[in-house]
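Undergrad: Throw the hints in and build the complete structure from the sequences for me.
Protein chains: 2
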Amino acid sequence: MRESGEITTKRRGRRLGEPRAETRAADYRRLRNPFPPLRLVSDDELEAIHEAALRVLEELGLRVLLPEARAIFRAGGALVDEAAQHVRIGREMIEAALAAAPRGFALRGVAPERDVAMELGALSFQPGAGAPHATDLERGRRPGTMRDFTELVRLTAAFDALHVVPPLVEPQDSPPHLRHYFTMETLLSWSDKPPFVYARGAPQTADGFEMLRAFKGLTEAEFRAAPHCYTIVNTNSPRQIDVPMAQGLIDFARAGQAIIVTPFTMMGAMAPVTVAGAMTLSHAEALAAITLAQLARPGAPVLYGTFTSNVDMKSGAPALGTPEQFRATLLAGQLARRIGLPWRCATGSAANTPDAQAANETQFALWGCLLAGATVVIHAAGWLESGLSVSYEKFVTDLEVVQMVAELCAPVAAGAPEIAFDALAEVAPGGHFFGAAHTMARYQTAFYEPLVADWSNFGTWTEQGARDASRRATDIWKAKLAASAPPATADPAKLEALRAFIARRTAEGGAPPES
Amino acid sequence: MRESGEITTKRRGRRLGEPRAETRAADYRRLRNPFPPLRLVSDDELEAIHEAALRVLEELGLRVLLPEARAIFRAGGALVDEAAQHVRIGREMIEAALAAAPRGFALRGVAPERDVAMELGALSFQPGAGAPHATDLERGRRPGTMRDFTELVRLTAAFDALHVVPPLVEPQDSPPHLRHYFTMETLLSWSDKPPFVYARGAPQTADGFEMLRAFKGLTEAEFRAAPHCYTIVNTNSPRQIDVPMAQGLIDFARAGQAIIVTPFTMMGAMAPVTVAGAMTLSHAEALAAITLAQLARPGAPVLYGTFTSNVDMKSGAPALGTPEQFRATLLAGQLARRIGLPWRCATGSAANTPDAQAANETQFALWGCLLAGATVVIHAAGWLESGLSVSYEKFVTDLEVVQMVAELCAPVAAGAPEIAFDALAEVAPGGHFFGAAHTMARYQTAFYEPLVADWSNFGTWTEQGARDASRRATDIWKAKLAASAPPATADPAKLEALRAFIARRTAEGGAPPES
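So the protein sequences, as listed, match chains L and P.
Read in order, the letters of the first sequence correspond to residues 1067 to 1581 in the numbering used here.
Read in order, the letters of the second sequence correspond to residues 1067 to 1581 in the numbering used here.
Be a bit skeptical, because a hint or two may be false.
[To be verified] Reference excerpt, derived from the structure (chain L facing chain P, CB under 7 Å, subset only):
| id | residue |
| --- | --- |
| 1 | Arg-1305 |
| 2 | Pro-1338 |
| 3 | Ala-1383 |
| 4 | Gly-1496 |
| 5 | Ala-1519 |
| 6 | Phe-1524 |
Please keep in mind that the hints were generated in silico from the structure rather than gathered at the bench.
Every residue, glycine too, gets a C-beta built ideally from N, C-alpha and C.
TA: Structure, rendered in structure tokens:
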């Protein structure tokens, strides 16, 4: 009857003499996933899928375009057809690789307090990455620029619930042979979180490692002893690993840096139309890539991964945040636990603007990741157009959801002080708890404080301009950028040394990407 | 590296001679919740909360404004202070009531195929209800009218994933003493799903039962033998049951019609600021109301319920879709399972417009309901402004999420045909599966078909007007209304008899609501 939500309450302030409650300080830096992982298929079905993937690698094999990678596979015992660039991998090789891969590791932050646990049960978030375009409501949609890249790195650095810093957009105004210098300098200038390094050929990778090593003041051996950065390696589904991807697997593994292996298997397009079929292919490709990394350096830190959703069978366009993606995600989690490795999964949206579709698809996919027990959730904020753009406003509205999930990671006290029998006795029937001692002692820190949600009533909201969440998000990213400051790790002397290195390498001609 | 989502695919159509796959027909009518229920607190903590609620009822009691209800409580063994209108209830009374309440029941549809299982493990959805205002992008926000009521009932009837039909908006242009005739005639004219009947005093309730009984051609005894409609009874938290609510509990129980008991306990306002405290109060009030219903008629079909979220402690405004609501929902599910009753929970949003905040809050709260094992999820589509308005557009965009959840309720085949080794062998490395026999046989029915999501690329979307999800939703609700037809149960002769009853009762003066 009275479920309309029309609550009459009095606005209240702190009275003189009341103790001031402490300011709310939520810790989103080290999260454990509070949701027990769900299963999509039975243990028998899971085993059949794993077996089918092994059979794919043994009987069908895959094409590996980099000669060095084929040589490594051959040395490891694979059957290699050089003319066809084809590799078949026996299950004993896979098993050895899985035995060699670490069950977990700490991805090192630039600052130690930003280390990220990469192990089953841990939970971390990465904002949307790799988009060719940036978009916001003030400047519109445009090809990504160095300015966009810098701004989005600064925004990512500003929120503890984002744990690693990827290349959110492609800075297309930076020359390709110098771009990796720009991105590393920007990452180290504005963030103390673990940085992403693109695998775009051995020279760029070597430059990236050297810049990071020198900036952190590590010896070569110290750098190689722990992962200080990460990359993502996609296979070219179905059943192909191209040159830069294979090179990245080898180079990152040899340097002991983290590799997130991610087949990109859209059901009905690059993969079978069924969840089980697409995940069998994804699993096979991931196992092949992990095996190459472990052959290059046993014990190399890798994450298992998948990016499996469906396409629109009318147009071939990718679809994200669908029931099919959700199911594939659950199955990927089962497979990750089957092989015992930390793993990444992704949210995403195919929407073209930060609207209800965009919010719903991203959150729906996010719940898939959470319930599947993903270790790191990629593209958790800002992605539009299936990754063709990063929206500044969606970055903010998605981050609200990520922060609410981070809130759920904290345990909840539910003892006698929280049951609050005395408070229940203190307030008469039909009364209210605004002034109860129990409330007074807790109200300033009891609840999550929203980032962009507006809880004012319709009249107030209308008076204030009737601005929707995306419009309000514009104010928020602008304010966050205005308040953004370099981290303590951005030491001017170290940055100067970095710039000197970059100047020297630039004079030497830089390093063009390889493909 | 290629995670940008830029997939190059060829548009394809069905070739001549190919077998036509069957049209996709999803069944959303009878859902089981596929998610194992989560716990917020330990078993010991749960028991302490249950014990505290019993102690609240025994020691603190509650105010009951209806003399008949106090008389029933007294006859059942409660300690009643008539002067103070105060009732204290012993735990043995609560235990007897819980023993008498059915563990589950079928809420009867007007059509038998619309029966809804109300038992732990089942899952059903109700759209947003009880809003004083309706809003859509063409006509703006206005006080709810008979036209709005009718349109929203027709929209609810059009979607199988909505299982019961509530009063979505209040038809304020219908005279209060005749409004219940209008609503029942509209419900029976346009829907064959179980209808909601407001508990607004005994005369209106009796009219409602009589109209429904006669329309279904049942004897009085047949009608009373099973629940053919449902109502929602909110307590007046803290610790008060008002006159119409108490009357509703008694009348619906005696008639064997379903009651959803829902304390409305906003943390920090009508309830303690802590989740455990607020749920202790909610639980106590629900137990009191259930006990009244069982005393009125042992075995009366009831659902346990809660509506517990937090308020903005700066303004007192309700907040929905928050981490605190999520936690309260999980705890409510534990308490429902503790007492073994089916239960309702709710989504909701405090947003003022169908934006990303609105989508995110509603979906976040929805996941709380799903993971808490809610039997029926209330306000699952359309609610804005914490229930002060129902948005036609949000109805559509929320329904997309509800339908995607309904998709997840179906089991997934993951045997050899789905693993599809032959298809994996058929497609060469770097190829695609669009033309594979495995895809051809399944592509027309493999994937969920979206209601409002637009998966076209940015160029196409821009050419088509760059319309966001809410704008597209306007087209969808208009098209659904245009295609809406009365159900087979809306027999003209029965409707004529109903109208004759209404005419007679109108001539007699109708039945004003009581409060």
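Undergrad: Against each hint, give a clear statement of whether it holds in the structure.
TA: Do the hints match the structure? See the list:
no.	hint	result
1	Arg-1305	4 Å, holds
2	Pro-1338	4 Å, holds
3	Ala-1383	5 Å, holds
4	Gly-1496	5 Å, holds
5	Ala-1519	5 Å, holds
6	Phe-1524	5 Å, holds
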